[in-house]
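Residue numbers (our numbering), protein chains in the order written: chain U, 1 to 115; chain X, 116 to 231.
Honestly, the hints are just simulated from the structure, not real lab data. In this text, all values refer to a predicted model and were calculated from it rather than measured experimentally. For each residue, glycine too, the CB sits at the ideal point set by N, CA and C. Check each hint, because a few of them may be wrong.
[What the hints assert, rightly or not] Which stretches of chain X does chain U cover? Using the computed rule of at least three CB atoms under 8 Å from a CB of chain U, they are:
{"hint": "1", "segment": "154-165"}
{"hint": "2", "segment": "218-228"}
[Unchecked claim] A few chain X positions that, by computed beta-carbon distances, are all more than 10 Å from chain U:
{"hint": "3", "residue": "Arg137"}
{"hint": "4", "residue": "Ser143"}
{"hint": "5", "residue": "Leu171"}
{"hint": "6", "residue": "Lys173"}
{"hint": "7", "residue": "His190"}
{"hint": "8", "residue": "His197"}
{"hint": "9", "residue": "Ala201"}
{"hint": "10", "residue": "Ala202"}
[What the hints assert, rightly or not] Dumping the calculated BS3-like pairs for lysine-lysine here, alpha-carbon to alpha-carbon at most 27 Å:
{"hint": "11", "chain 1": "U", "residue 1": "Lys57", "chain 2": "X", "residue 2": "Lys164"}
{"hint": "12", "chain 1": "X", "residue 1": "Lys173", "chain 2": "X", "residue 2": "Lys183"}
{"hint": "13", "chain 1": "X", "residue 1": "Lys164", "chain 2": "U", "residue 2": "Lys71"}
{"hint": "14", "chain 1": "X", "residue 1": "Lys164", "chain 2": "X", "residue 2": "Lys184"}
{"hint": "15", "chain 1": "X", "residue 1": "Lys184", "chain 2": "X", "residue 2": "Lys173"}
{"hint": "16", "chain 1": "U", "residue 1": "Lys57", "chain 2": "U", "residue 2": "Lys71"}
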Amino acid sequence: NAGVTQTPKFQVLKTGQSMTLQCAQDMNHNSMYWYRQDPGMGLRLIYYSASEGTTDKGEVPNGYNVSRLNKREFSLRLESAAPSQTSVYFCASSSRLAGGSHEQYFGPGTRLTVT
Amino acid sequence: AQSVTQLGSHVSVSEGALVLLRCNYSSSVPPYLFWYVQYPNQGLQLLLKYTSAATLVKGINDFEAEFKKSETSFHLTKPSAHMSDAAEYFCAVSDLSNFGNEKLTFGTGTRLTIIP
Numbered sequence: 001n002a003g004v005t006q007t008p009k010f011q012v013l014k015t016g017q018s019m020t021l022q023c024a025q026d027m028n029h030n031s032m033y034w035y036r037q038d039p040g041m042g043l044r045l046i047y048y049s050a051s052e053g054t055t056d057k058g059e060v061p062n063g064y065n066v067s068r069l070n071k072r073e074f075s076l077r078l079e080s081a082a083p084s085q086t087s088v089y090f091c092a093s094s095s096r097l098a099g100g101s102h103e104q105y106f107g108p109g110t111r112l113t114v115t
Numbered sequence: 116a117q118s119v120t121q122l123g124s125h126v127s128v129s130e131g132a133l134v135l136l137r138c139n140y141s142s143s144v145p146p147y148l149f150w151y152v153q154y155p156n157q158g159l160q161l162l163l164k165y166t167s168a169a170t171l172v173k174g175i176n177d178f179e180a181e182f183k184k185s186e187t188s189f190h191l192t193k194p195s196a197h198m199s200d201a202a203e204y205f206c207a208v209s210d211l212s213n214f215g216n217e218k219l220t221f222g223t224g225t226r227l228t229i230i231p
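So that you can see chain U by itself, here it is in the shape it has in the complex (with noise of 0.2 Å):
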């Protein structure tokens, strides 16, 4: 198994443009999410999509929208970048196991630069 995939690993954007963080995941897990990793702030969730054809927004949304393709595949737009979406991108997945565990399961990141 891959686990969670991301695409692209690198981006540098001019401000104004668009682009489109490709995700997967191949665990059958239900739910999905993006965060954004910034120094010294942790992760924070820009939205998450708890099944197929569900999203909710999380912490930091503006900016930001998504598409959960089908079960395997959860996709962040940005329609207008800005030079503070500068950060490094994270999907993950989770699936409620037996007993109530529901750990996620992080792709390897995009970091993506807006000048």
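Given chain U, work out where chain X should sit, using these hints.
Just chain X now, with coordinates in the frame of chain U:
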């Protein structure tokens, strides 16, 4: 609302010394607690988790953590640091008060440096 506080954004220990990384949580319901590790330029990897079974939890690479409800703490320890332990460590909390809500709230992280 739940929250996590990690005391010390940077911790340095000598190789072979005890590692202690602190985590305190706030949750209105019994929490699930996690420690994740992030090596340079990688994603997060689960070290260990507490899910209301034993209060002393053992994880990978000889790490362990003890859930102390009275102190609302879940500190991470390792008896003897190794150079390969140099990484950033994140504590996270979740609760299942809302069915299907599997969101985690992360602390801001502690960067562990090992001194040869």
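Hint check results:
{"no.": "1", "hint": "154-165", "verdict": "holds (count 7)"}
{"no.": "2", "hint": "218-228", "verdict": "holds (count 6)"}
{"no.": "3", "hint": "Arg137", "verdict": "15 Å, holds"}
{"no.": "4", "hint": "Ser143", "verdict": "17 Å, holds"}
{"no.": "5", "hint": "Leu171", "verdict": "17 Å, holds"}
{"no.": "6", "hint": "Lys173", "verdict": "15 Å, holds"}
{"no.": "7", "hint": "His190", "verdict": "17 Å, holds"}
{"no.": "8", "hint": "His197", "verdict": "23 Å, holds"}
{"no.": "9", "hint": "Ala201", "verdict": "17 Å, holds"}
{"no.": "10", "hint": "Ala202", "verdict": "14 Å, holds"}
{"no.": "11", "hint": "U/Lys57 / X/Lys164", "verdict": "26 Å, holds"}
{"no.": "12", "hint": "X/Lys173 / X/Lys183", "verdict": "15 Å, holds"}
{"no.": "13", "hint": "X/Lys164 / U/Lys71", "verdict": "26 Å, holds"}
{"no.": "14", "hint": "X/Lys164 / X/Lys184", "verdict": "15 Å, holds"}
{"no.": "15", "hint": "X/Lys184 / X/Lys173", "verdict": "17 Å, holds"}
{"no.": "16", "hint": "U/Lys57 / U/Lys71", "verdict": "18 Å, holds"}
The structure meets every hint from the earlier list without exception.
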